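Read top to bottom, the protein sequences are chains A and B. In case it helps, numbering that gives the first Met the number 0 puts the first sequence at residues 0 to 556. In case it helps, numbering that gives the first Met the number 0 puts the second sequence at residues 0 to 128.
Calculated from the structure, these hints are not laboratory results. Values in this document were obtained by computation on a predicted structure and should not be read as measured data. Each residue gets a CB set at the ideal place from its N, CA and C atoms; glycine is no exception. One or more hints might be untrue.
Said to hold, decoys possible - Listed next, with one range per pair, are the computed distances between beta-carbon atoms: (1) Gly101(B) - Leu194(A): 40 to 48 angstroms; (2) Leu194(A) - Thr66(B): 28 to 36 angstroms; (3) Lys95(B) - Leu385(A): 52 to 60 angstroms; (4) Asp111(B) - Pro316(A): 21 to 29 angstroms; (5) Glu503(A) - Lys95(B): 43 to 51 angstroms; (6) Pro316(A) - Thr66(B): 54 to 62 angstroms; (7) Asp111(B) - Thr461(A): 53 to 61 angstroms; (8) Ala218(A) - Glu118(B): 21 to 29 angstroms; (9) Asp128(B) - Gln98(A): 45 to 53 angstroms; (10) Arg207(A) - Asp128(B): 37 to 45 angstroms; (11) Gly61(B) - Asp41(A): 16 to 24 angstroms; (12) Leu302(A) - Thr66(B): 58 to 66 angstroms.
Unchecked claim - Straight-line alpha carbon distances no greater than 20 angstroms define the calculated EDC-like cross-link-like pairs of lysine to aspartate or glutamate that follow: (13) Lys3(B) - Asp39(B); (14) Lys239(A) - Asp359(A); (15) Lys21(B) - Glu506(A); (16) Lys364(A) - Asp111(B); (17) Lys104(A) - Asp15(B); (18) Lys25(A) - Asp43(A); (19) Lys533(A) - Asp523(A); (20) Lys25(A) - Asp15(B); (21) Lys25(A) - Glu118(B); (22) Lys104(A) - Glu20(A); (23) Lys79(A) - Glu118(B); (24) Lys3(B) - Asp359(A); (25) Lys3(B) - Glu40(B); (26) Lys108(A) - Asp15(B); (27) Lys79(A) - Glu92(B); (28) Lys33(B) - Asp367(A); (29) Lys21(B) - Glu303(A); (30) Lys404(A) - Glu303(A); (31) Lys455(A) - Asp251(A); (32) Lys79(A) - Asp63(B).
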Amino acid sequence: MTNSAVEFEEKMRILVTSFAEKLPAKINEIELMWNQLQVERDTDTLEALHRQVHGLTGSGKTFGFPELSIVARELEQLLKGMVQNNSSADEQLTDQIQQRISALKIASKESRTDISQKMIQSPIADNLVTVFTNDSRLIFVVDDDEEAAEELVLQLSYYGYEVEAFNQLDTFRAAINKMPNAIVLIGVEFHEDKLAGIKVMREIQKDREHPVQVIFISAYDNLNYRLGAVRVGGSAYFTKPINSSELIDHLDSITLQQEQESYRVLIVDDSSAVLGYHAAVLEQAGMTVKKVLKPMEVMETLLEFDPDIILMDIYMPECSGIELAKVIRQLNNFVSIPIVYLSSENDFNTQLEAMSLGGDDFLVKPIDPHQLVSAVTMRVRRTRLLRSFMVRDGLTSLFNHTSIKEQLGREVVRSARLNTPLSFAMIDIDFFKKVNDTYGHSAGDRVIKSMSRLLKQRLRGTDIIGRYGGEEFAVILMDTDAPSAAKVIDEIRHVFSRLLHLSENEEFSVTFSCGIADLSHFPDEKSISEAADKALYQAKKKGRNQVVINSDSGGED
Amino acid sequence: MTEKLLRILYVEDEPDIQMVAKLSLESIGGFIVKACSSGDEAIQSAVEFEPQLILLDVMMPGMDGPTTLKRLREIPQIATIPVIFMTAKVQPEEIKQYKNLGAINVIAKPFDPMTLTAEIEESWEHYND
Numbered sequence: 000m001t002n003s004a005v006e007f008e009e010k011m012r013i014l015v016t017s018f019a020e021k022l023p024a025k026i027n028e029i030e031l032m033w034n035q036l037q038v039e040r041d042t043d044t045l046e047a048l049h050r051q052v053h054g055l056t057g058s059g060k061t062f063g064f065p066e067l068s069i070v071a072r073e074l075e076q077l078l079k080g081m082v083q084n085n086s087s088a089d090e091q092l093t094d095q096i097q098q099r100i101s102a103l104k105i106a107s108k109e110s111r112t113d114i115s116q117k118m119i120q121s122p123i124a125d126n127l128v129t130v131f132t133n134d135s136r137l138i139f140v141v142d143d144d145e146e147a148a149e150e151l152v153l154q155l156s157y158y159g160y161e162v163e164a165f166n167q168l169d170t171f172r173a174a175i176n177k178m179p180n181a182i183v184l185i186g187v188e189f190h191e192d193k194l195a196g197i198k199v200m201r202e203i204q205k206d207r208e209h210p211v212q213v214i215f216i217s218a219y220d221n222l223n224y225r226l227g228a229v230r231v232g233g234s235a236y237f238t239k240p241i242n243s244s245e246l247i248d249h250l251d252s253i254t255l256q257q258e259q260e261s262y263r264v265l266i267v268d269d270s271s272a273v274l275g276y277h278a279a280v281l282e283q284a285g286m287t288v289k290k291v292l293k294p295m296e297v298m299e300t301l302l303e304f305d306p307d308i309i310l311m312d313i314y315m316p317e318c319s320g321i322e323l324a325k326v327i328r329q330l331n332n333f334v335s336i337p338i339v340y341l342s343s344e345n346d347f348n349t350q351l352e353a354m355s356l357g358g359d360d361f362l363v364k365p366i367d368p369h370q371l372v373s374a375v376t377m378r379v380r381r382t383r384l385l386r387s388f389m390v391r392d393g394l395t396s397l398f399n400h401t402s403i404k405e406q407l408g409r410e411v412v413r414s415a416r417l418n419t420p421l422s423f424a425m426i427d428i429d430f431f432k433k434v435n436d437t438y439g440h441s442a443g444d445r446v447i448k449s450m451s452r453l454l455k456q457r458l459r460g461t462d463i464i465g466r467y468g469g470e471e472f473a474v475i476l477m478d479t480d481a482p483s484a485a486k487v488i489d490e491i492r493h494v495f496s497r498l499l500h501l502s503e504n505e506e507f508s509v510t511f512s513c514g515i516a517d518l519s520h521f522p523d524e525k526s527i528s529e530a531a532d533k534a535l536y537q538a539k540k541k542g543r544n545q546v547v548i549n550s551d552s553g554g555e556d
Numbered sequence: 000m001t002e003k004l005l006r007i008l009y010v011e012d013e014p015d016i017q018m019v020a021k022l023s024l025e026s027i028g029g030f031i032v033k034a035c036s037s038g039d040e041a042i043q044s045a046v047e048f049e050p051q052l053i054l055l056d057v058m059m060p061g062m063d064g065p066t067t068l069k070r071l072r073e074i075p076q077i078a079t080i081p082v083i084f085m086t087a088k089v090q091p092e093e094i095k096q097y098k099n100l101g102a103i104n105v106i107a108k109p110f111d112p113m114t115l116t117a118e119i120e121e122s123w124e125h126y127n128d
């Protein structure tokens, strides 16, 4: 941990301790004033008492006594009534106030043990490292219609969910108590009772601090049922026949906390000590940092590393940070990248000049580590959001055509340099036009989304997936040769062909064809993408619903 | 472009709270903070300190937050400086009332010392948008 963070925590701990030490005296004073008011009614004392309590409301939680804030707020409300009405407390009110004062005493002791714990947690890293809040993809399907339950289990399992079916409420009840992290997909009506599903969930949720995630299924779309479902924590309500695409969408939104790539920071500084320090601070916050000591080497690093943000020193030999920023801004890919200067420059005019020439902000050294992390985080978050609008496909939020091509170029260069394998796969849904013509465009869109979802779920986080065109997808598989890539995609092909899509109450299934080429046979961006395209054509010609590898480096069919 | 927030005038009568907030704003936020324990003190220090932002507790003995704001607004150099209120009363209509007095935001007490800075930065950016 950095020095100033330690220092902050140390100071914080002293303040918390001192607050905790003074607390009994404060509560004592509250009690004294209250007792005095019992003997003699006096507006000044009442106001002083009110203020003292108000102080606790506003401070308890800040110092790690959340309970204290809550009790004090209740007490404050009771006193406020007395102040406003200029009245004395009747017996009932007196009791309530006494009770709260006793509660204050307890609250002032209770939380003390975990203060230090609370305060020690570093505020930085927690926010940045992606956490899978719900790593379990376990789903309980509860329905007394055995056939329907089985069908649901099958469909969900295609999307990588682990599913267990229950036809009896008793067995389900026992299971959920053992595994409360499972997501429950439960019918509303059962043979024994029209609302059995809702009733059993009410009972299960009753004493839970973290409610069980539950989704309701019903044959009826009626407001009473829907209300009942919402009241016991139902996050969604689906009517039969279930639109499985929407169901999966909802499940994904609950479970699939999209793993965010760590922030990529490029730092340019001619002092290796300073460079190392800033890099360490950012790395500790979970970011990926690339250090560049010589400004003249920035260009080559820039293209390959593809940073989210650039931090640079202003005064460097060979060329200044200001000049460098100007050059970077002239590159098409980096017009919008945030550039932040780190400098001991305190002069406001120089700062202004620096910013007008292409920098976005100025941080004055020495920079507090918290400030550095928060400055970088804020800017990267914003830039990424903006960029996602430009590089993502609207329907699937996969990379769009332009950006997948850009990434292919970059990854080909990187893999060639590292001498690691790379495969490029082109996927095309078979007879997609017929799907649109027969079942309508919205059914077609759902097929596209299904395809995209399946790719996201079945491929690794490092694989790059794009929507190449209408029904065409492209995947870049890092560290993977063509035969291995073919194996993975073929499994996906198999699963995809068994998915049931829904249109106007009619179910249908769809297949896809795929062509794959790898870097060992086609060593540059252009040839690898042409080769994959040719293989895809071959797959279509051979009868579709299959994966074909192009290993013919001669380039003939 | 948003001017960087650096100088904050902070008015709070409760010494414990004042210290925590000051520490948090200085250490986490990297701000320069002038802390005052009363409205009177704030009115005396405001011009010389040249704050970019004023952070004002609502409930103080003597001169309360809203009154302090009114008096600060009468000082020409301070009249346009944005103000954030801090209060343990967070009823929506009260917040609205404070905003009508010209506050750019209202921060609820008890605050979390770890996120106070972020809250203030956010208000500042929002104000400057």
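### Task
Output the numbers, in ascending order, of every earlier hint that fails for this structure.
The structure breaks hints 1, 2, 3, 4, 7, 8, 13, 14, 15, 16, 21, 23, 25, 29; every other hint is satisfied.
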